[in-house]
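A.B. asks: This is what each chain is made of:
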Amino acid sequence: MKAVFLKELKTYFKNPLGYVFIGMMLAIMGFYYVFYTIYYQYADYYHVLNACSSLILFVVPVLTMRIMSEERKNKTDQILLTSPIHTWGIVLGKFFAALLVFSIVLAVSLLQPLVTVTVFKGEMTAGMTAGGYIAFFLLGCAFISIGMFISSLTENQLIAAVVTIAVFTFLMLTEGVYSIVSTSRYVSLAVLLVVLAIVMFLVYHSIHEAVLTAIIGIVCAVATVVVFFIHPQGFDGLTGKILKSLSIFERYADMFSGSFSFSHVIFFLSLTAFFLFLTYQVIERRRWN
Amino acid sequence: MIEVNHLTKRYGDHLALDDISFTVGDGEIVGFLGPNGAGKSTTMNIITGYLSSTEGQVLIDGIDVLEQPLEAKKRIGYLPEIPPLYTDMTVEEYIDFACDLKHVPAASKKDTIEQVCKLARVADVRKRLIRNLSKGYRQRVGLAQAMVGDPGTLILDEPTVGLDPKQIIEVRDLIKNLSKNHTILLSSHILQEVQAVCDRLIIINHGRIVAVDTPENLSKNVLQINKLEMRIRGPKNEILTGLEAIDGVESAELIRVREEGSVDVRLEAGENVDVREAVFDFCSTNNYPILMMKTNEINLEDIFLQVTGEREAKR
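One line per chain: the protein sequences are X and B, in this order. Numbering-wise (the numbering used here), the first sequence opens with residue 7 and increments by one. Numbering-wise (the numbering used here), the second sequence opens with residue 318 and increments by one.
With the rest of the complex left out, here is chain X (with noise of 0.2 Å):
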């Protein structure tokens, strides 16, 4: 995992792309902080760091885009591949290495608040900055590893960036759909069925074995259907319940908001974690493509 790791660190500051993240994201940071803190006289910094967290949407795609795509490309996944390294060091290597570039314009914004309550003598929270940094080192996590999968897709950057872009500005834009789903029981049981089509469609394609999937899938659906008929209340609003907890956004806000909660926590850190391991399927199943 090592030798990946700093492979992929020194790639991003041969290139171009390590300092035109690091230069955009300080670049924006500081328009927000001379905005709120300077003109307006917000004394709390995490009013920057929310005002920033849209901008991750653009410039997480920067760090990501290529990180899987030009390896394929270049064909140099060959030299990766075939050496004696576990294929998940590759994964970590890769991750860890874009989410310390990305620490490190959360290392040198540190300064703002610094600067405030030193030099402005302004007064803040510090629990609130805190939780601010946290919550956006977070997202930044979840948003680099989905970001990761995009690129592992492709063997095109550009197509890596654009998708990604698509999926965050997508996930940001459907956060308040689960106030206005229906929040009818059937319609619940309906979206359920659909979910557990395409999960097993999914699982058809990785296993490709037609009856075991049918057997689960027939399972899952006849149970699901058992349960709604036995306990048909609990599925009132459930579509709208589910689509809330998954919300990334709502516990984003949640967490800058003040309200530190290790179950926001666990979910970014799982989110990650599972496009991560989404990232290492898709290597490993294309060697037996």
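These are calculated hints, taken from the structure and not from any lab test. Hints may contain errors.
Short derived list, chain X residues pointing at chain B, Cβ under 7 Å [stated by the list, open to error]: (1) K79; (2) T82; (3) Q84; (4) L87; (5) P90; (6) R293.
Where a beta carbon is used, it is the ideal one built from N, C-alpha and C, also for glycine.
Chain X is fixed; fit chain B onto it per the hints.
C.D. replies: Structure of chain B alone, referenced to chain X:
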């Protein structure tokens, strides 16, 4: 030692490899020969663990590539068809990275880099960016990478592609040298290429092994003494009719006229009939100097025709 047992690879409906089995013994150089798209690279990618086979098994020194990939990969140095180079690195940085990937201890890294650069003759470009190197140098940097960590088995996919004739000879010599303590499988689609260095040849076509033999035996079978190309000085018609009259000659036809006053003739005799001496006698009695005489060059296609023809005859 490389053991390949009943390897089959399917891409959807397309059968890329069909039940391939062979072994490469310790210290042996085996040439993997076949036209483009025959399945050479696929086989090599499976041996090195880059791809997985649909069926079958690959053992490196008795270790299954699928079951103990890390152990097996430690023993293999691989130069793929397109050298896997990071073009934004210098040669030295790249070999250094390869050392890290192959767990070369930090203490011996410097020596390893020096050694492989020297062996692959890239020492003079060590500080240059790979992006700026010519194809020949890139190929050799790829070769240097494969030798890092001193693996006992080398898999070289078309190692001399893109090299100039002098470099080809150098790489051949290098491979011959390496073979003293390495097991080597190398591929090519040019017969002369592998003939020079290999102990044995495996010929593959459409995903199947069509022949396994020493280069001498393979080319002996297809030495076509009954087909001659000649350049003779003298009058065209007399020469052609005269040649056709020789006992055993089936046909004599004019190819072209290259040199003033001479004719280029293609001569075909019956199977396994050697008419060279009779032709010489005819020309010398009539005072038609022979400027050139050669048998048809053996090429891969002839071997294919030969071995596939034999197969069909057996059936």
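A.B. asks: Look at each hint and say if it fits the structure.
C.D. replies: Cross-check of the supplied hints:
1. Evaluation of the K79 (chain X) hint against chain B yields a violated restraint, the C-beta minimum of about 11 Å exceeding 7 Å.
2. Satisfaction of the interface hint for T82 (chain X) is found here, the shortest Cβ-Cβ separation to chain B being roughly 4 Å, below the 7 Å cut-off.
3. A cut of 7 Å between beta carbons decides the hint on Q84 (chain X): the least distance to chain B is about 4 Å, and the hint holds.
4. About 5 Å separates the beta-carbon of L87 (chain X) from the nearest beta-carbon of chain B, less than 7 Å, and the hint is met.
5. Against a cut-off of 7 Å between C-beta atoms, the interface hint on P90 (chain X) holds, since the closest Cβ of chain B lies about 4 Å away.
6. A hinted interface residue such as R293 (chain X) counts as satisfied when its beta carbon comes closer than 7 Å to some beta carbon of chain B; here the least separation is about 5 Å, so the hint holds.
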